[in-house]
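Novice: If you read the sequences in order, they're chains A and B. Using the numbering used here, the first residue of the first sequence is number 6, and each one after it goes up by one. Using the numbering used here, the first residue of the second sequence is number 2, and each one after it goes up by one.
Among the clues, some could well be false.
[As the list claims (entries may be wrong)] Quick partial rundown of chain A residues pointing at chain B, CB under 8 angstroms, derived from the structure: (1) L69; (2) A73; (3) D297; (4) A309; (5) S311.
If you are wondering where the hints come from, they were derived from the structure by calculation, not from laboratory data. Quantities reported herein were computed from a predicted structural model and do not represent experimental measurements. We treat Cβ as the ideally placed atom computed from N, Cα and C, and that holds for glycine.
This is what each chain is made of:
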Amino acid sequence: MKNSLEAFVDRIELGEKVEATDWMPDEYRMLLIKQIHMHGISEVMGAYPEREWVSRAPTIQRKLALNAKIQDEIGHGQMLLRLAEDLSSVYGRGREDLMNDVLEGRVKFHNVFHLEAPTWADAGVIGFLVDGGAIITQAMLLNSSYAPYARMLKRIVAEESFHMQLGESEVLALASGNDAQRQMLQEAISRWWPAMMFFFGPRTMGPSAQRMMYFRIRTLDNEELRQRFINRYVPRIRALGMTIPDSDLRQDPSSGRWIYTDPDWDWFSRVVHNNDGPMSGARLALRRQAHDGLSWARQANLYATSEQSRQGGVL
Amino acid sequence: MKHPTTIQITALKSLILAMADDEWMMGDRGATWLALTPDLEEDLAMSSISQDEIGHAALLYTLLEELGEPGADTMVYERGPENWHHAVIAQHPTHSWAEWVVRRYCYEVFDDIRRKALARIPYPPLIASLKKMDAEESYHLLHFRSLMSMLARGGPLSRSYVDTAILADWPLLADLFEWGGRDEAWVLWDAGQLAPSAMRSAFDLVVQRDLIAWELEWPGPVRVADRAARHHDNSKTLPELLQHMREVRHIALAGNW
Numbered sequence: 006m007k008n009s010l011e012a013f014v015d016r017i018e019l020g021e022k023v024e025a026t027d028w029m030p031d032e033y034r035m036l037l038i039k040q041i042h043m044h045g046i047s048e049v050m051g052a053y054p055e056r057e058w059v060s061r062a063p064t065i066q067r068k069l070a071l072n073a074k075i076q077d078e079i080g081h082g083q084m085l086l087r088l089a090e091d092l093s094s095v096y097g098r099g100r101e102d103l104m105n106d107v108l109e110g111r112v113k114f115h116n117v118f119h120l121e122a123p124t125w126a127d128a129g130v131i132g133f134l135v136d137g138g139a140i141i142t143q144a145m146l147l148n149s150s151y152a153p154y155a156r157m158l159k160r161i162v163a164e165e166s167f168h169m170q171l172g173e174s175e176v177l178a179l180a181s182g183n184d185a186q187r188q189m190l191q192e193a194i195s196r197w198w199p200a201m202m203f204f205f206g207p208r209t210m211g212p213s214a215q216r217m218m219y220f221r222i223r224t225l226d227n228e229e230l231r232q233r234f235i236n237r238y239v240p241r242i243r244a245l246g247m248t249i250p251d252s253d254l255r256q257d258p259s260s261g262r263w264i265y266t267d268p269d270w271d272w273f274s275r276v277v278h279n280n281d282g283p284m285s286g287a288r289l290a291l292r293r294q295a296h297d298g299l300s301w302a303r304q305a306n307l308y309a310t311s312e313q314s315r316q317g318g319v320l
Numbered sequence: 002m003k004h005p006t007t008i009q010i011t012a013l014k015s016l017i018l019a020m021a022d023d024e025w026m027m028g029d030r031g032a033t034w035l036a037l038t039p040d041l042e043e044d045l046a047m048s049s050i051s052q053d054e055i056g057h058a059a060l061l062y063t064l065l066e067e068l069g070e071p072g073a074d075t076m077v078y079e080r081g082p083e084n085w086h087h088a089v090i091a092q093h094p095t096h097s098w099a100e101w102v103v104r105r106y107c108y109e110v111f112d113d114i115r116r117k118a119l120a121r122i123p124y125p126p127l128i129a130s131l132k133k134m135d136a137e138e139s140y141h142l143l144h145f146r147s148l149m150s151m152l153a154r155g156g157p158l159s160r161s162y163v164d165t166a167i168l169a170d171w172p173l174l175a176d177l178f179e180w181g182g183r184d185e186a187w188v189l190w191d192a193g194q195l196a197p198s199a200m201r202s203a204f205d206l207v208v209q210r211d212l213i214a215w216e217l218e219w220p221g222p223v224r225v226a227d228r229a230a231r232h233h234d235n236s237k238t239l240p241e242l243l244q245h246m247r248e249v250r251h252i253a254l255a256g257n258w
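Bound-form chain A, shown alone (with noise of 0.2 angstroms):
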């Protein structure tokens, strides 16, 4: 008679979808916790480099679209963490818990918000680059065995493909632009390329991705997505007239398979894991600023509420 791990995996290899309140392995529920909250943590960071431009944006479409875009990156951090609260509510832990680890070093966040974004033209490359390369990755984890996770990513990938569309709108517009419009695009696309080329991970899958891809939660390696983005935005950089900063890249042409230049895997490694980016620190205290410095409004939030159930009033 199979155990109750072998009876779950079985489960999973026929197609079964997970619900939270269904029983779970201690090793899948940590690894969904692990998956769910870096990425919820991931979309709340992301806010901070496009935020920058918001008040700089050159036309008011495109301020009040940036502003709408980054709302939707912050709710989908809120709806992201409300999935790993649930899951991370049998060890006790929730929002508050949550949030502090990225500030205590105890999430990772992804390797692209601890970079610069040092012009207009950047805040466009990340909707057109960083954007399109969440879709491939979140298109797979549509599949996903959590039911839960796979439901909330269809909204989420119909709202990242507003963004993609909104920064090819801005890259467009800076390609067909003047002498400085055009090199503050090149320069930007140089600047996230490589970034681009680590974002997916290793070649190599580490043995929490490895287990992610047996329990069904991811359903493609690392190399495979990579492929599929640059196979995607090869052409389209092209078609802009830029250059990819690779002068190596070129495609086999009997697999079809991309070569590719290695990023610097050991920096972007130490970026993301020692929170070591150029732009970290300053991410984080924005962070810190907001969590930590407004605590005292959600402690009146909780002090408020509860007085005015004691009192059975109305605020």
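Given chain A, put chain B in place with the hints provided.
Specialist: Chain B only, in chain A's frame:
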């Protein structure tokens, strides 16, 4: 008012511009709170409100364009500081959450009174725009009133922050109630509610009632603004803010963005 006279058009422009510039500045300053509010839920609400305000400003600049002024983007990105007519408080920087909540609560109470007063002007494009704005602004007022109530009743620390914020914001409120243009801007129509003194009284009444209900100290009536209300000819901060706002666009002023 099917065919407004030249005097009426000048007056209308003055009234609409003051409101458009207030909404723009409140929306723009509100966006600086993106991802910096106390929690993610408030980030979402604040961001939505800022987008509404910027959208209202764009709507009102479009009304001005129909009255012969340049288009909305030109108004925002090319107008000299001397031609902006927002109230000081709409542009004033703040790094204190309590000050921002108090400021926004006061602004929303005022804006509600102003929209009702403006709705008495028989100019259909303005009435239609106000109606559209009302649908969103009513939620803004509810939101900031609820935040005020929460902070006022949120314990001693929170209450002390709100008390300090009220004292800091109060002196900045005066020129909200002025129109920035000549008095004809509001005496042309049979709408006494448009008079600065009437709007100030209506504001004092509502805010005094709310503060008393929240057991906060009311600092007394808002002072009357001086003749330079809503004029920024000598402002040091507005040129800096406009330069920052226009930094990208001015890379290619006539370019495609």
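Novice: Each hint: holds or not?
Specialist: These are the hints, each one checked on the structure:
| no. | hint | result |
| --- | --- | --- |
| 1 | L69 | holds, 6 angstroms |
| 2 | A73 | holds, 6 angstroms |
| 3 | D297 | violated, 11 angstroms |
| 4 | A309 | holds, 4 angstroms |
| 5 | S311 | violated, 10 angstroms |
The structure fails to meet hints 3, 5 from the earlier list, while all remaining hints are met.
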